[in-house]
Amino acid sequence: MLTKLSIKTTKRDEMIDITDEIRQFVKDVGVKDGIVMVYCPHTTAGITINENADPDVKHDMLMRLDEVYPWEHSKYRHMEGNSASHLKASTVGSSQSVIIFSGDLVLGQWQGIYFCEFDGPRKRNYFIKILKG
Amino acid sequence: MLTKLSIKTTKRDEMIDITDEIRQFVKDVGVKDGIVMVYCPHTTAGITINENADPDVKHDMLMRLDEVYPWEHSKYRHMEGNSASHLKASTVGSSQSVIIFSGDLVLGQWQGIYFCEFDGPRKRNYFIKILKG
Amino acid sequence: MLTKLSIKTTKRDEMIDITDEIRQFVKDVGVKDGIVMVYCPHTTAGITINENADPDVKHDMLMRLDEVYPWEHSKYRHMEGNSASHLKASTVGSSQSVIIFSGDLVLGQWQGIYFCEFDGPRKRNYFIKILKG
Numbered sequence: 001m002l003t004k005l006s007i008k009t010t011k012r013d014e015m016i017d018i019t020d021e022i023r024q025f026v027k028d029v030g031v032k033d034g035i036v037m038v039y040c041p042h043t044t045a046g047i048t049i050n051e052n053a054d055p056d057v058k059h060d061m062l063m064r065l066d067e068v069y070p071w072e073h074s075k076y077r078h079m080e081g082n083s084a085s086h087l088k089a090s091t092v093g094s095s096q097s098v099i100i101f102s103g104d105l106v107l108g109q110w111q112g113i114y115f116c117e118f119d120g121p122r123k124r125n126y127f128i129k130i131l132k133g
Numbered sequence: 001m002l003t004k005l006s007i008k009t010t011k012r013d014e015m016i017d018i019t020d021e022i023r024q025f026v027k028d029v030g031v032k033d034g035i036v037m038v039y040c041p042h043t044t045a046g047i048t049i050n051e052n053a054d055p056d057v058k059h060d061m062l063m064r065l066d067e068v069y070p071w072e073h074s075k076y077r078h079m080e081g082n083s084a085s086h087l088k089a090s091t092v093g094s095s096q097s098v099i100i101f102s103g104d105l106v107l108g109q110w111q112g113i114y115f116c117e118f119d120g121p122r123k124r125n126y127f128i129k130i131l132k133g
Numbered sequence: 001m002l003t004k005l006s007i008k009t010t011k012r013d014e015m016i017d018i019t020d021e022i023r024q025f026v027k028d029v030g031v032k033d034g035i036v037m038v039y040c041p042h043t044t045a046g047i048t049i050n051e052n053a054d055p056d057v058k059h060d061m062l063m064r065l066d067e068v069y070p071w072e073h074s075k076y077r078h079m080e081g082n083s084a085s086h087l088k089a090s091t092v093g094s095s096q097s098v099i100i101f102s103g104d105l106v107l108g109q110w111q112g113i114y115f116c117e118f119d120g121p122r123k124r125n126y127f128i129k130i131l132k133g
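Chains as they are written, first to last, in our numbering: chain A, 1 to 133; chain B, 1 to 133; chain C, 1 to 133.
The set of hints was computed from the structure by calculation and includes no laboratory data.
Don't take each hint at face value.
Identical chains blur together in the list; that is why a pair holds if it fits in one copy or across any two.
Listed below are the simulated SDA-like cross-link pairs for lysine to any residue, each with C-alpha atoms no more than 20 Å apart in a straight line [said to hold, decoys possible]:
| hint | residue 1 | residue 2 |
| --- | --- | --- |
| 1 | Lys-8 | Glu-72 |
| 2 | Lys-75 | Glu-14 |
| 3 | Lys-123 | Val-106 |
| 4 | Lys-123 | Thr-10 |
| 5 | Lys-32 | Asp-20 |
| 6 | Lys-75 | His-59 |
| 7 | Lys-8 | Leu-62 |
| 8 | Lys-27 | Val-106 |
| 9 | Lys-27 | Gly-103 |
| 10 | Lys-4 | Ser-102 |
| 11 | Lys-75 | Gly-108 |
| 12 | Lys-75 | Pro-55 |
| 13 | Lys-4 | Gly-108 |
| 14 | Lys-132 | Phe-101 |
| 15 | Lys-4 | Trp-110 |
| 16 | Lys-75 | Gly-30 |
| 17 | Lys-8 | Gly-120 |
| 18 | Lys-123 | Val-29 |
So that you can see chain A by itself, here it is in the shape it has in the complex (with noise of 0.2 Å):
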C-alpha cells in the first residue's frame, strides 16, 4: 500500500492538482476506511491542499509567497541559491494527509491535493501510503 508517482514540473514556481492520481490509488487499492497519507521527498516542493476552481488562487498564492520569501535576499548565504524554496516547502508542508470513508477521499467540495514546486521546472516524485481503519 506505498506506491511512488513521479511528476515533471514545468516552471519554477507551480502548484499541480494530483487529486485524481490520489483518488484512483485509493479505489484501485480497494480500501474502504484509512488515511491517505501524500508525501514529497523533496526539500524544495511540498504538498499542499486548497481551491481547485479558480486557477487564479494559485497564482496569487505563489506570487504572496514568493514576496514572503524572496529568492534574493542580502543575508542569504546558501550557495546553491534556492533557501526560498526551502522555506516555501516548510511553510505548506512535506505532506498532508486526507480521509478515506467508503472507499472514497472525504475532500471538501472546492478543495484539490497539490504537488507544489519550489525550484523547478524538475522531474520529481511523490510517495502515497494508505493506512487502514
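Dock chains B and C against chain A, hints included.
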C-alpha cells in the same frame, strides 16, 4: 470512527479552541491508543495547535498573519478577493494529528487544538478521524 | 509504540536534526511498514522536514522566518513577548509524519527531520508514535 462536527464562526479571522470536542469524541469512542486526525474541508480555514492560555497569543497570530498575507494586494487576481485566506489556510494546514495514549490526548500543557477561520463569519465543519494502533 | 525523548536546545532559534533518533527508534521497535509521527508538545517549537546537507539552509530559514515573524512588533499584545515563536511554530507545524517501508524511513536523499526551537534555549521533549500498516 469518523465524525463531522459543525462550528459557527463570528469574525473574519478567528481561532476557536476545539480541544474539548476532540477529547470528548476520543473518550466516547473508547479508543485507548492511536492517533486522532482533525481535518478541515474548507480552503479558507484550517487547523492548528497552539497556546491555550493567553488569548492575546491568538490576537497576535491573526494580526501578524494578516500583515504577512494582506487582504488587499495590487497583484492579486482572484476575483473573490480572499486570496489571503487561502494563503493562511495553507500556512497553518488543513489538518493536525494528535497522539492518543491511555484513552486521552497527548497534548502539551499549553497546547490547544484550534479551528482557524480566515474568511468568516460562516458556518463551517470539520472531521474527526481516529486510527487505532 | 509511543516514546518521549528529551532534547536540549542552545539558542533562541535553532533547527536540530533528530533523524537518527527517529530512525533508531523505528529499527528498535522492528516495525516493517507504517508511518512514524514525530510530535512536539510545545507551543513555541515545532517539527519540520528539510535539507540535511548545507547548514546554511538552516541559517537562512531561521533568519527569514525571524524577519517575517519579528520578535518585536508594536501591535503584539502577548505579555510574555514571544508571539513570534508561536507564529513560527504554527507555520512549520506541531508534527510531521514519515512513511516506514521495509523497516526504514522513506526520506528523500536530502531530507532530515528537525526539531525547531523558536524560544530557547530550553529543555524540550518530543514524542515518537508509530502506526503499523
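Numbered hints the structure breaks, given as an ascending list: Numbers 1, 11, 16 and 18 - these are the hints that the structure violates, sorted from lowest upward.
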